[in-house]
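Participant: Going line by line, the protein sequences match chains A and B. Count the first sequence with this note's numbering and you get residues 1 to 110, in order. Count the second sequence with this note's numbering and you get residues 1 to 198, in order.
Some clues are possibly wrong.
A short, non-exhaustive set of chain B residues, derived as facing chain A with CB atoms under 7 Å [unchecked claim]:
1) Y34
2) D122
3) F189
4) Q190
These are calculated hints, taken from the structure and not from any lab test. We treat Cβ as the ideally placed atom computed from N, Cα and C, and that holds for glycine.
Read off the chains here:
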Amino acid sequence: MMPQKSRDPWSRLTAAAREVRDERDTTAPYGFATRVAALAMAQESRISSVFDRFALRALGVASLLALGSVALNYNAVSMPPAASAVASVEQLELAVPTDDAVAIVLDFAD
Amino acid sequence: MPDDDVLPFDLAGCLDRVRQRDQQAARELVDHLYPLVIRIVRSHLPRRVQEEDLAQEVFLKMFTRLAQYQGAVPFPHWVSRIAVTTCIDHLRAQKRRPEFRWADLSETEAEVLDAVMTNTNDVPANDAMAAHELVHKLLGELKPDDQLVIRLLDLEQKTIAEIAELTGWNQSLIKVRAFRARRKLQKLFQELQRKERS
């Protein structure tokens with residue numbers, strides 16, 4: 001190789017370092033693949049089992065909440081549709097503000 | 001002469017089987033990719049970390065993220081990226097190396113360093129191993145990210161585009177890191193020269 005005098009010390013050092021070939025074996029050590037594959041599969045099943053457990057728990061909690069809300073609002077749910085419509089009109093009438101001058105005049109007119 | 005009896009590795013088929021949780025396929029995949037992963041791990045191995053432990057970590061990450069692999073890049077490239085980023089994480093986590101001193105060098109390393117600083121000739125071939133060791137010691141003085149860029153550029157002679165693909169960093173950032181690292185190395189050589197004279 002011809003010496004290249006223009007290069008800086010770092011370039012000459014790295015050029016020499018590149019000449020060193022890594023002759024070490026690159027095949028997996030005995031048992032490495034088995035261990036890694038087993039760990040990977042165990043890791044996956046652990047993740048999925050945690051997910052399953054949480055998913056089932058979430059389903060149970062959601063069901064309880066749904067049942068609870070039905071029980072709390074049983075009157076509204078059990079009321080027939082016509083009755084519930086009347087009830088809602090009454091509620092609307094109650095909701096009309098009494099300090100509205102136009103509404104008071106219209107009430108007198110009735 | 002190639003061995004005609006050896007069938008090419010069916011990577012796509014193997015990946016499908018791994019997705020169906022076939023442990024034998026997972027073993028075959030690890031065996032197939034081990035040379036690629038261990039080469040990366042060996043060239044960026046942080047101090048006090050066992051190469052086998054780091055390789056195992058790379059493979060476990062590969063299996064965990066397998067569902068995210070969409071096939072946009074060849075699978076070995078995708079695994080290389082995991083290996084490089086895992087090495088960077090370890091390099092970042094390691095404590096800073098103490099200041100570089102002449103006293104820490106072997107006799108041959110000191111001679112090689114003295115030679116490259118005082119004359120302009122190439123390092124003789126029989127000093128290549130000492131130069132290799134020296135380069136690794138000097139690289140240890142750089143920040144982990146700069147160290148990785150210089151290693152890939154100057155030792156593995158990768159292009160900026162290849163480094164961008166491997167690390168996920170943009171090309172401008174890589175150029176900035178390379179510039180910063182070379183300047184730091186230059187300063188280091190100047191300091192060493194000054195110390196040698198004094």
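Participant: With reference to the structure, classify each hint as holding or not holding.
Facilitator: Against the structure, the hints come out as follows:
1. Contact between Y34/B and chain A, as hinted, is supported at the beta carbon level, the nearest pair being about 4 Å apart and thus within 7 Å.
2. Taking 7 Å as the C-beta contact cut-off toward chain A, the hint placing D122/B at the interface holds, the least distance being around 5 Å.
3. Interface hint at F189/B: satisfied, since its Cβ lies 5 Å from the closest Cβ of chain A, which is below the 7 Å cut-off.
4. With a cut of 7 Å, the hint placing Q190/B at the interface with chain A is violated, because the nearest CB-to-CB distance is about 10 Å.
In the structure shown, a violation is registered for the earlier hint numbered 4 alone.
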